[in-house]
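Start from chain A and add chain B according to the hints.
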Amino acid sequence: MADMKVYFDNNATTPLHPEVKKEMIAAMEMFGNPSSMHSYGREARANVENARRKVADFIGATEKEIVFVGSGSEANNTVLSLFVCGSSQCIPGSKMRSSIITTKIEHPCVLETSECLGHRGVRVKYLDVDQYGKVDLDQLAGMLGDDVGLVSIMMANNEIGTIQDIESIAKMVHESGALMHTDAVQAVGKVPVDVRKLGVDFLTISAHKIYGPKGVGALFVKKGVPYCPLIRGGHQELGRRAGTENTLGILGLGKAVEMRALEMPEEEDRLLELKHILRKGIEESIDDIHFNGHPTDALASTLNVSFTGVEGEAILLYLDIEGIAVSTGSACASGSLDPSHVLLATGVDAELAHGSIRFSMGRESSRQEVDYLLNVLPGIIERIRNMSTAYIKGGLHAASR
Amino acid sequence: MLQAGEWAYSETLKEHFMNPKNILQGENTDEFDGVGMEGNLQCGDQMMVVIKVDKEKEVITDCQWKTYGCASAIASTSILSEMVKGRTLDQAFHISPKEVAQALGGLPDHKIHCSVLGDKALRAAINNYYTRNGQEDKVKQEQSKVICQCMSITDHDIEDAVLEGARTYFELQERTKLGTVCGQCKDEAEVLLEKFKHIHFGV
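Going down the list, the sequences are from chains A and B.
Counting from 4, one number per residue, gives the positions in the first sequence under the working numbering.
Counting from 23, one number per residue, gives the positions in the second sequence under the working numbering.
The shape of chain A in the complex, shown without the other chains (with noise of 0.2 Å):
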């Protein structure tokens, strides 16, 4: 067995917050429908809009402008199906504008949902990224026009952790008369957001990545922007999203966002002191690595690195018998073997691109943690490079000759 365990997944997903669980435990007994008027109901409909206000007030919002939705995908989904139904008939006056515009870099969620509005007349434009994932602004002066309707661009990469400049884009795209989302998903509740400062339409939240409970998120939808529900029949949410309230997840939401309003302000710079000694031990114990995603423009906790000659999987599993748990760019699992679009996008050759894997610390990672991983990895690099067809020291491929 394993010394240690480290969780360097955060970007998967995050474990509860001890205080959400707390919260989350004390409430199990309360089931009441927050739409009926007893009691019980009542209790229910208390508890979820205190959650909607602890929400709406970290990110600078109104009460009557979340929506809380069962999950980030969810919330994009909605925002880009929401499009579709704009340039046809619910929203009268968008008809004229038929194109969306989003990046190669985002979610699956966002880029699958934008393919399939492409199959329903919607034109899709996707924006390129530089080599460290930072969106070209003048690649979307160029892009946005008349037919634009809506952009959607993520703040923060799950793969990479860069951060986009939302707010400048945000101009842009309202000058030119387009609505504007962002997933921010990755991003709240690890870099301040404020809805008015970033001046988005549309900001998706989820409560997993933040120590909150898995299956519950929040839309921002800015008060007067035209709405139209992806799930219909049910007076939730203000007409918004039908379904009755997941209130244990919302509970677990706000508490969630609370706990991040405490705890943030002072886990960036240490989680940026780690992230840099991670990096600077991996420079220099391991040959032939190449960091990914934007130097300073980047999340604190992400650090996403490939390895010449390994692939991606077998480092992974070799670092999780030694009990650390990490994640691949390679999508090798789903036998598909595509590496990482988001890498890809960045320039990043296929061959790195499988052997590339994401550290995401947290708020419970430390220097004991970093510096056990920092003790295993080396070891393990040299290992697959042996057995490997693909490295040969100093950088040459047996497969070239």
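Hints were generated in silico from the structure; no laboratory data involved.
Glycine residues also receive a C-beta, built at the ideal position from the N, C-alpha and C atoms.
Check each hint, because a few of them may be wrong.
[As the list claims (entries may be wrong)] Straight-line Cα separation of at most 25 Å, SDA-like style, residue types lysine to any residue; simulated pairs:
1. B/Lys-36 / A/Ala-328
2. B/Lys-199 / A/Gly-124
3. A/Lys-107 / B/Arg-197
4. B/Lys-142 / A/Ala-353
[Unchecked claim] Partner residues aside, some chain B positions facing chain A, computed with beta carbon under 8 Å:
5. Met-70
6. Ile-96
7. Gly-108
What follows is chain B alone, placed relative to chain A:
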């Protein structure tokens, strides 16, 4: 509440992943009688198999390898290198991915393709041995037949698609674009689809 297993795959696979057997040390293959390499780095899988042969008996006496790939790829080349020792070239040539997968205690469907490259590289090494020893007549080409003329899809492409997860004619079309133009190859393709499903997955 259920607890997670100790490991993502079978115990045998774990053993071969943790302690791979017969890794070729260094890159010198001169002392071997046959060398074969398959796959490429861009696709995330590459295997090299080298063999020593008792020339009188045509029996494989040693088999070593290098693999760039996932845990299943590493473990399947490792176990393959153990399996072939003592077999005749002809026996070794006919080892199937299914045998390798079975020896590993089973592989998930989407990992079967990881074990395919190992026996391909082995066959390449055996053919390489024949070529080096003036036995070109024994070299067995992996002959392929074009099934879909319009899209130029071969029976090998169909087999690969099945190994990568295609189970229905529609899924086969999704992966290969086979039969998406004139559609005349549908019957033949469906027969092959069933055949490869049976060979590799016993369904």
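Comparing the hints with the structure gives:
Our distance criterion of 25 Å between C-alpha atoms is met by B/Lys-36 and A/Ala-328, whose separation comes to about 17 Å. With a C-alpha separation of about 23 Å, the suggested pairing of B/Lys-199 with A/Gly-124 holds against the 25 Å cut-off. The suggested pairing of A/Lys-107 with B/Arg-197 holds, with an alpha-carbon distance near 22 Å, which does not exceed 25 Å. Between B/Lys-142 and A/Ala-353, the direct Cα distance comes to roughly 23 Å. Compliance with the 25 Å bound is thereby established for this hinted pair.
The beta carbon of B/Met-70 comes within 5 Å of a beta carbon in chain A, closer than 8 Å, and the hint placing it at the interface holds. Restraint check, B/Ile-96 versus chain A: the minimum CB separation of about 6 Å is within 8 Å; hint holds. Taking 8 Å as the C-beta contact cut-off toward chain A, the hint placing B/Gly-108 at the interface is violated, the least distance being around 23 Å.
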